[in-house]
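6 protein chains.
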Amino acid sequence: MKMILAVFSIFSLLSLCHASVVDFCVADYTAPNGPAGYSCKKPAKVTVDDFVYTGLGVSGNTSNIIKAAVSPAFDAQFPGVNGLGISVARLDLAPGGVIPLHTHPGASELLVVVQGKICAGFVASDNTVYLKTLQKGDIMVFPQGLLHFQINAGGIPGLAFVTFSSANPGLQILDFALFKSDFPTQLIAETTFLDAAQIKKLKGVLGGSG
Amino acid sequence: MKMILAVFSIFSLLSLCHASVVDFCVADYTAPNGPAGYSCKKPAKVTVDDFVYTGLGVSGNTSNIIKAAVSPAFDAQFPGVNGLGISVARLDLAPGGVIPLHTHPGASELLVVVQGKICAGFVASDNTVYLKTLQKGDIMVFPQGLLHFQINAGGIPGLAFVTFSSANPGLQILDFALFKSDFPTQLIAETTFLDAAQIKKLKGVLGGSG
Amino acid sequence: MKMILAVFSIFSLLSLCHASVVDFCVADYTAPNGPAGYSCKKPAKVTVDDFVYTGLGVSGNTSNIIKAAVSPAFDAQFPGVNGLGISVARLDLAPGGVIPLHTHPGASELLVVVQGKICAGFVASDNTVYLKTLQKGDIMVFPQGLLHFQINAGGIPGLAFVTFSSANPGLQILDFALFKSDFPTQLIAETTFLDAAQIKKLKGVLGGSG
Amino acid sequence: MKMILAVFSIFSLLSLCHASVVDFCVADYTAPNGPAGYSCKKPAKVTVDDFVYTGLGVSGNTSNIIKAAVSPAFDAQFPGVNGLGISVARLDLAPGGVIPLHTHPGASELLVVVQGKICAGFVASDNTVYLKTLQKGDIMVFPQGLLHFQINAGGIPGLAFVTFSSANPGLQILDFALFKSDFPTQLIAETTFLDAAQIKKLKGVLGGSG
Amino acid sequence: MKMILAVFSIFSLLSLCHASVVDFCVADYTAPNGPAGYSCKKPAKVTVDDFVYTGLGVSGNTSNIIKAAVSPAFDAQFPGVNGLGISVARLDLAPGGVIPLHTHPGASELLVVVQGKICAGFVASDNTVYLKTLQKGDIMVFPQGLLHFQINAGGIPGLAFVTFSSANPGLQILDFALFKSDFPTQLIAETTFLDAAQIKKLKGVLGGSG
Amino acid sequence: MKMILAVFSIFSLLSLCHASVVDFCVADYTAPNGPAGYSCKKPAKVTVDDFVYTGLGVSGNTSNIIKAAVSPAFDAQFPGVNGLGISVARLDLAPGGVIPLHTHPGASELLVVVQGKICAGFVASDNTVYLKTLQKGDIMVFPQGLLHFQINAGGIPGLAFVTFSSANPGLQILDFALFKSDFPTQLIAETTFLDAAQIKKLKGVLGGSG
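Protein chains in written order, with UniProt numbering: chain A, 1 to 210; chain B, 1 to 210; chain C, 1 to 210; chain D, 1 to 210; chain E, 1 to 210; chain F, 1 to 210.
No wet-lab data here; the hints were simulated from the structure.
Given the structure is predicted, the values throughout are model-derived calculations rather than measurements.
Treat the hints with care, as some may be off.
Same chains, same label: a pair holds when it works inside one copy or across any pair of copies.
What the hints assert, rightly or not - No more than 25 angstroms apart at the CA atoms, straight line, and that leaves these computed lysine-lysine pairs for BS3-like:
(1) Lys117 / Lys200
(2) Lys45 / Lys201
(3) Lys117 / Lys67
(4) Lys45 / Lys200
(5) Lys201 / Lys67
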């Protein structure tokens with residue numbers, strides 16, 4: 001009895017709180033977001049399922065031109081990672097599959113090969129190219145903001161999970177930025193030295209305009 | 001006269017602002033909060049009392065089983081510290097009093113002994129135990145996230161102020177996490193190797209279920 | 001055709017998002033702000049003009065006592081810098097112009113001289129004074145939170161752009177803090193050792209009270 | 001020819017550098033380390049193998065009492081992650097295997113189940129317990145510094161990769177902190193309310209003293 | 001027996017480390033320091049005394065013109081706080097004592113009154129002055145980088161502990177920056193509007209030159 | 001006399017320091033660097049010239065294929081910005097000059113047009129292109145890590161200063177990464193969909209191999 005009081009008297013000191021910024025800040029997609037992430041769901045409404053993401057158990061659809069798929073669980077999809085500085089995506093690479101050259105503007109990436117062989121690489125600011133063919137269980141890290149890619153290097157489907165040092169790493173795919181956008185062809189030519197014919201050809205494929 | 005204009009002409013440049021994120025962000029508990037803390041109260045509504053917390057001048061209630069009390073002034077209680085990366089709590093330790101083993105998930109702690117003698121310690125990741133009996137005026141720092149405790153080591157009431165490297169350090173008391181929760185006894189046993197009888201005994205004392 | 005599907009099947013994975021915290025967080029001045037900055041404008045409403053600030057093309061009004069003007073483009077004026085950790089201001093210094101001793105509580109400053117000669121300096125915590133007369137094209141950096149100043153050191157108008165390591169650096173002008181406020185004269189005297197007559201004289205000039 | 005000059009004249013501006021803090025800071029274990037991590041290896045000595053970790057392709061040894069193994073690739077083992085705010089470990093859980101209750105003082109954790117079923121859970125500061133049985137491909141996030149565990153919940157070996165929001169997350173295993181250390185039995189009893197007999201029994205098992 | 005192996009087989013995985021950046025980074029004053037703090041002492045050389053500071057148990061010498069003393073335990077004096085984002089100082093204020101107007105360029109400050117009455121205040125960027133007379137046990141927070149002061153407001157010696165949101169907050173005392181330095185009198189006059197006579201008078205008192 | 005003691009007795013408390021991490025950390029290029037930047041030069045050896053960079057007063061050499069030059073003052077060139085989270089570069093754009101498409105992996109960029117007209121743009125992760133022709137005095141911000149460019153849009157030489165939210169922003173020029181490196185032509189083709197002929201043509205121009 002005295003014990004109950006005891007516990008109360010400590011604990012009450014810690015519970016006379018407003019909806020507090022506690023151990024986590026599960027995303028509330030209905031409230032405003034800011035530079036640090038989404039607003040926090042009221043703790044009373046948080047359940048374990050906010051911390052669990054079940055979308056990555058199945059292969060993404062790789063019946064496409066790149067024979068690959070990227071399935072993200074960033075803060076926009078996975079409310080539990082909001083504000084925690086980490087997120088994840090699933091990579092599926094069918095035989096011949098490629099994740100085209102891309103960057104994550106706001107995060108470093110760590111890749112774990114779960115199935116198959118993957119050839120991966122990145123280019124540093126000094127234009128050094130770092131390339132490696134990775135086996136099942138190998139890990140590779142890609143420093144923040146640098147151009148990198150992954151290619152299936154085996155005869156079987158490749159599977160990898162990539163995690164990021166941010167809940168919102170972003171993803172800028174080079175070809176989409178140039179050829180799936182309305183980036184004017186002449187400006188692309190002037191700023192990349194690519195031939196206009198090449199640019200127009202790829203815009204035709206990827207659906208870019210301008 | 002010309003002077004007045006002068007001052008205006010500089011100052012106006014700096015005052016054509018929206019409710020600005022200025023030097024501080026006093027917590028507005030009525031608006032959404034995010035990973036970085038609470039929303040900011042409109043500067044016009046801020047008063048000096050937002051920066052002053054008067055709740056810690058009196059002893060917490062130590063007539064309880066642990067003969068101790070923790071009185072926090074974190075961002076949920078003290079609006080002025082919101083976003084400033086610092087907060088404080090008062091520790092009262094009656095003779096024989098104990099602050100049980102606990103962690104602060106999001107902050108390092110700095111303890112200042114104001115009255116009495118306090119035996120304090122923490123355990124590092126390599127399982128080294130750092131123990132010290134502290135005198136009045138002594139300072140001890142507890143690195144972020146590590147298990148630590150404080151015990152009254154004198155015959156008189158002990159008083160300390162603990163400050164944190166976060167406005168929202170959190171507080172996870174080991175016994176409460178295990179025995180004042182609905183953590184299933186079998187799972188506790190499997191993940192701590194404690195005997196079920198021991199677990200049930202402490203759940204009985206602290207009011208845990210499962 | 002197959003291509004179109006292809007692109008969709010990748011891209012859709014990345015677009016089933018809520019209004020996402022993406023590459024940037026353009027300030028929405030109508031929503032709450034927090035310690036990390038303003039809420040983000042919905043991406044669909046963002047335009048290039050949110051990232052462009054055109055107010056600094058013309059000289060500020062220097063027909064004032066200090067013969068100088070500071071024109072800020074901080075997050076409160078320039079929505080595109082919200083959350084990006086950078087901002088800018090234009091300094092105009094007529095002949096004889098002075099930017100009085102001041103600090104930026106939350107940022108380091110980098111000054112670029114665009115026209116004229118500017119004598120600049122700062123004082124470090126150990127009371128060392130760092131002074132330099134800067135020519136057109138020279139750069140000087142002022143570490144965070146330290147007292148510093150700029151003075152026109154040529155016969156012609158001086159122009160500089162100063163950038164900051166924060167979207168909201170703040171600006172505390174020493175004379176305004178002391179003499180353009182309601183800081184009681186006696187308290188100023190006690191905490192600065194300045195003579196009351198000196199304090200009252202400058203309050204008269206700058207419009208302070210108390 | 002003119003071209004070559006051209007390229008040089010741009011590039012030289014960017015290469016008159018000292019051993020620069022560039023895109024990454026591969027750990028040099030022979031130089032001093034600091035709060036932000038290890039010193040950087042000279043860029044000229046960096047190879048792709050600094051960014052690749054091959055130690056996690058094989059199962060850890062689970063022929064032990066917990067029928068489990070944790071194989072870390074933190075900055076102390078994996079030089080390429082130094083300073084990048086991310087790291088990884090492999091979890092092997094034989095049937096009946098358990099990763100005992102533990103915390104990571106400096107990081108949030110994201111778990112990806114690669115094989116088998118895993119029951120995982122964490123306890124929040126308010127003593128709420130979040131439990132879930134995870135299937136192959138499921139993701140769970142554990143907020144920074146909170147007590148959590150993983151248990152094999154299937155009849156087959158479980159495999160998971162856990163990544164962290166720090167290159168140096170730390171790992172404090174509760175039982176090791178209490179019972180594999182020289183934490184005096186009486187102090188453990190006073191700060192956890194565990195019976196001395198229980199403490200001594202587990203110290204006997206785990207090799208603790210005091 | 002089997003158990004011992006068991007424990008070893010887990011633990012060894014975590015101990016095949018180089019001198020690791022672990023839970024803390026106790027300052028090694030003999031090695032280089034960097035922007036994040038001092039280099040780390042080898043874990044094997046760390047003792048509990050690195051985390052305990054005993055210098056603040058006695059009053060600082062207040063037999064001086066300001067009848068006050070500031071006794072810091074920053075990372076340069078207290079090796080255990082290096083890299084932990086927190087530090088502390090003791091303030092002694094004899095009757096009539098004053099801590100002159102000053103700033104901490106790199107940290108917010110939290111003051112706890114332990115004895116006596118203290119009148120404290122700070123000035124915000126918008127020149128609002130926030131003043132309060134604090135009683136024993138009251139807390140006041142001073143946002144980063146803003147001018148603030150403390151004055152004994154009682155008839156008895158005042159004692160306070162101030163903690164900071166940085167291991168290295170810095171301390172810039174306004175009068176020392178202006179009048180205990182070699183800041184040229186003419187430049188001070190031009191950038192503060194103070195009369196040359198006033199400046200020279202205070203330089204005479206505080207020992208400034210120029 | 002008493003005064004002198006007075007000052008000493010305060011100040012001494014603040015000066016019994018080791019080479020302290022004070023207000024700044026001027027780069028010492030002879031000591032190891034780490035993730036947070038270079039080691040700090042001993043305060044006694046720091047001079048005002050460490051905080052001043054005079055290299056940007058003159059135009060870079062634009063007699064090259066892109067008719068442009070980038071002159072950086074990053075921490076590797078400008079020791080005073082080390083650890084301060086800001087740096088700068090000068091852009092010279094002769095008529096017809098172009099800064100090719102590039103990213104800064106670790107920083108946001110703020111551009112100030114000082115002379116001429118500049119057409120600038122960036123592409124966001126959702127492939128939206130933000131384009132603007134900037135006049136003298138206009139400011140544009142480029143969020144971290146996104147592809148962007150600048151082109152002279154007037155008949156006269158263009159001059160701009162760009163500042164960054166990091167002392168070490170990095171610079172990855174797309175064409176150099178692809179065509180001035182040893183990135184194998186086949187891998188570029190597979191990861192960009194560019195025709196091999198196009199790749200080889202540009203490698204011929206820029207000096208790439210593979």
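Which hints, by number, does the structure contradict?
-> 1, 2, 4
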